[in-house]
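There are 2 protein chains.
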Amino acid sequence: MRAVVLRTHTGPDSLVIEDVPDPIVGPDEVLVDIRAAALNRADMMQTMGLYPDPRGTTPEIPGMEFSGHVASVGSRVRGWKAGDAVMAIDAGGAYAERIAVHERQLMSVPASVDVGDAAAIPEVYLTAWDALVVQGGLTSGRWALVHAGGSGVGTAGILIAKAIGARIAVTCSAGKVAACRELGADAVIDYGAQDFVAETMAVTNGAGADVILDVIGGDYVDRNIRSIATQGRIIQVGLMGGGATEVNVGMLLGKRAGIIGTTLRGRPLEQKAALTQRFVREVLPLFDTGALRPIIDSRFPLERIADAHRYMATNANTGKILVDVV
Amino acid sequence: MRAVVLRTHTGPDSLVIEDVPDPIVGPDEVLVDIRAAALNRADMMQTMGLYPDPRGTTPEIPGMEFSGHVASVGSRVRGWKAGDAVMAIDAGGAYAERIAVHERQLMSVPASVDVGDAAAIPEVYLTAWDALVVQGGLTSGRWALVHAGGSGVGTAGILIAKAIGARIAVTCSAGKVAACRELGADAVIDYGAQDFVAETMAVTNGAGADVILDVIGGDYVDRNIRSIATQGRIIQVGLMGGGATEVNVGMLLGKRAGIIGTTLRGRPLEQKAALTQRFVREVLPLFDTGALRPIIDSRFPLERIADAHRYMATNANTGKILVDVV
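These protein sequence lines are chains A and B, in that order. Note that the numbering used here numbers the first sequence so that position 212 is 888, with each residue one more than the last. Note that the numbering used here numbers the second sequence so that position 289 is 965, with each residue one more than the last.
Possibly wrong hints are sitting among the right ones.
In this list, chains with the same sequence are indistinguishable; a pair is considered to hold if it fits within one copy or across any two.
Stated by the list, open to error - Here are the simulated lysine to any residue pairs, SDA-like style, with alpha carbons at most 20 Å apart:
hint : residue 1 : residue 2
1    : K931      : V791
2    : K931      : G918
3    : K757      : T965
4    : K757      : F976
5    : K931      : L726
6    : K838      : D871
7    : K838      : A850
8    : K838      : T880
9    : K931      : Q811
10   : K931      : A950
11   : K931      : P730
12   : K931      : R941
13   : K757      : K838
14   : K931      : D729
15   : K838      : P961
16   : K931      : A920
17   : K838      : G860
18   : K931      : P703
19   : K757      : D898
20   : K931      : Y987
In short, the hints are calculated from the structure, not lab data. Keep in mind it's a predicted model, so treat the numbers as computed, not measured.
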């Protein structure tokens, strides 16, 4: 099969298409003909030799999420059959024509969603839902603050918050304010012109946000603590702005608030499978009601994977960047 | 009634005994004749004008926990009657002959415990249990790390961990190592001679502690992050070593771990009452089985309250310091 392989780790130029052997399909696994894959920041870090696939598979094929059709199933698989439209997030291997995935990590593509668009769903919706709802406890009436509101996770966060009756403020650059408003954010904070602490306290009538989803880190950590409500939870899902920082633990104590670090990729299979199954029950139905939808910024053919990565590095996208494998 | 009143805030010398009016008893409240009160660090801070009673009652009577007998009950109280042996933690007013408390914050003194000793139970056992079990998720087989193992909360933490089948490491000064061992701690770390990060990783076979209860803060925060297990929880219940500190949020992310700040005193009545009722069901029975017991370091007559405070400031105690009101 054709696949994007990393033989060096010098950035986008390292992404080279090669012919490689088809994946070996274990008895609990499903072989999927990939229709489209989606880009993630972790893939960019992987091209630079940072954040590698924890399984260390050879050759190193990046790509964490995809959609397509089932080609064949392992001997113990009962839940899937050839031709099923599926999507999933995995630790790597998705920039390729075929991938073998554990059957419990696979999800059906919702009936209302095109198979070619579904690759935009798994990572951002699982991440935003797990952070906001499962770990953050976001419910109807509560306030979320989501940084990078125009990113894939940010846009998914906006739709999830509105779908469950919660309220949401997002931060973004000036160029993405209109898009975030259009998606339904209750408050959009232009981080270049406004202080998100002051704005969050203002829209929540001084109470602060009940849940904060942060991919930035750095000096945002302490500002998040100033923006969080009593008993609120700050869910740290990334550290684009740096990891070691001065933190006012005293304010965390006074507010009885918490900071929880999280990643999807580092979890063991059984936890990923459990999260996926709950997501299938609780979140996927909201695609067919129209409350949620894949949010796609742009698509590139697989041959232009390096260009797709260069585009992602500009931070110009609102929503996901896809690569069409076929 | 006689009560200890704060008219100034210059430390132990501010603790002066006066004759003051009896408390007014609301319809949902119970009037208690106090037998003994227990000292807390928050009381020390209160004598210096820090951490005042959030209710701001006048005159300012410190003291957060007590035991005694019910003197009378408000018109809507059905759960208590005169003569019942009771104990409770409240926001203030316990360094006195009488106190009025909401009926849902009151607990029966376990049959096996002397009323005069029971004042040593509420604060340390509620704090240690809430932090380790309720918020930290400590269960049988898991490892806890508790700092200040010889303190009231530390000693309660040791007995709770052993009572539920968990394992516990504690840090303490050299002079308290023997006492912590005798209480049943699985590992006792002399913080003056040993590095608690290395010791915790060693006793947990490199996994780290699943729950850390910390009253210190300061540079312990970052060392706790290095000592925590994957998906572990650091429960910050105090900040004796300072509040603002450099924190490695990146490691929190990699371990999918969290830091949760908490206090009992700042919670609204309904949360205190709910916690108290759950404690009555889940923890108090362990006193009558012998698994838990009040751990009392020393007792002073009410007249010597200032001496009791001066003694607490030396950190020489293992377990609680009580004042006998009658």
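Hint by hint, here is what the structure shows:
Neither within a single protomer nor between protomers do K931 and V791 lie at most 20 Å apart by alpha-carbon distance, with minima of 45 Å and 34 Å respectively. In the homo-oligomer, the alpha carbons of K931 and G918 lie at most 20 Å apart only across protomers (16 Å), although the nearest pairing inside one protomer, at 24 Å, exceeds that limit. Taking identical chains as interchangeable, the C-alpha atoms of K757 and T965 are never at most 20 Å apart, the minima being 26 Å within one chain and 57 Å between chains. For a Cα distance limit of 20 Å, the shortest separation of K757 from F976 qualifies neither inside one copy, at 29 Å, nor across copies, at 77 Å.
Taking the shortest alpha-carbon separations for K931 and L726, only the inter-copy value of 17 Å comes in at or below 20 Å, while the best intra-copy value is 36 Å. For a Cα distance limit of 20 Å, the shortest separation of K838 from D871 qualifies neither inside one copy, at 24 Å, nor across copies, at 48 Å. Taking identical chains as interchangeable, the C-alpha atoms of K838 and A850 are never at most 20 Å apart, the minima being 22 Å within one chain and 56 Å between chains. For the identical chains of this complex, K838 and T880 are intra-copy neighbours only, at 16 Å inside a copy versus 44 Å across copies, given an alpha-carbon limit of 20 Å.
Proximity of K931 to Q811 under the C-alpha cut-off of 20 Å is found in both arrangements, the shortest distances being 18 Å within a copy and 15 Å between copies. When the C-alpha separation of K931 and A950 is checked against a cutoff of 20 Å, the pair qualifies only between copies, where the shortest distance is 19 Å, while the shortest distance within a copy is 32 Å. With identical chains, the CA atoms of K931 and P730 are at most 20 Å apart between copies only, with a shortest distance of 14 Å across copies and 36 Å within one. For the identical chains of this complex, K931 and R941 are inter-copy neighbours only, at 12 Å across copies versus 30 Å inside a copy, given an alpha-carbon limit of 20 Å.
In the homo-oligomer, the alpha carbons of K757 and K838 never lie at most 20 Å apart, since the shortest distance is 35 Å inside one protomer and 51 Å across protomers. For a Cα distance limit of 20 Å, the shortest separation of K931 from D729 across copies, 16 Å, qualifies, whereas the shortest one inside one copy, 37 Å, does not. For the identical chains of this complex, K838 and P961 are intra-copy neighbours only, at 15 Å inside a copy versus 45 Å across copies, given an alpha-carbon limit of 20 Å. In this assembly of identical chains, the alpha carbons of K931 and A920 lie at most 20 Å apart only when taken from different copies (15 Å versus 22 Å within one copy).
In this assembly of identical chains, the alpha carbons of K838 and G860 lie at most 20 Å apart only when taken from the same copy (7 Å versus 51 Å across copies). With identical chains, the CA atoms of K931 and P703 are never at most 20 Å apart, being 50 Å at best within one copy and 31 Å at best between copies. Proximity of K757 to D898 under the C-alpha cut-off of 20 Å is found in neither arrangement, the shortest distances being 50 Å within a copy and 50 Å between copies. In this assembly of identical chains, the alpha carbons of K931 and Y987 never lie at most 20 Å apart, being 41 Å within a copy and 31 Å across copies at closest.
Checked against the numbered hints given earlier, this structure breaks hints 1, 3, 4, 6, 7, 13, 18, 19, 20; the rest are met.
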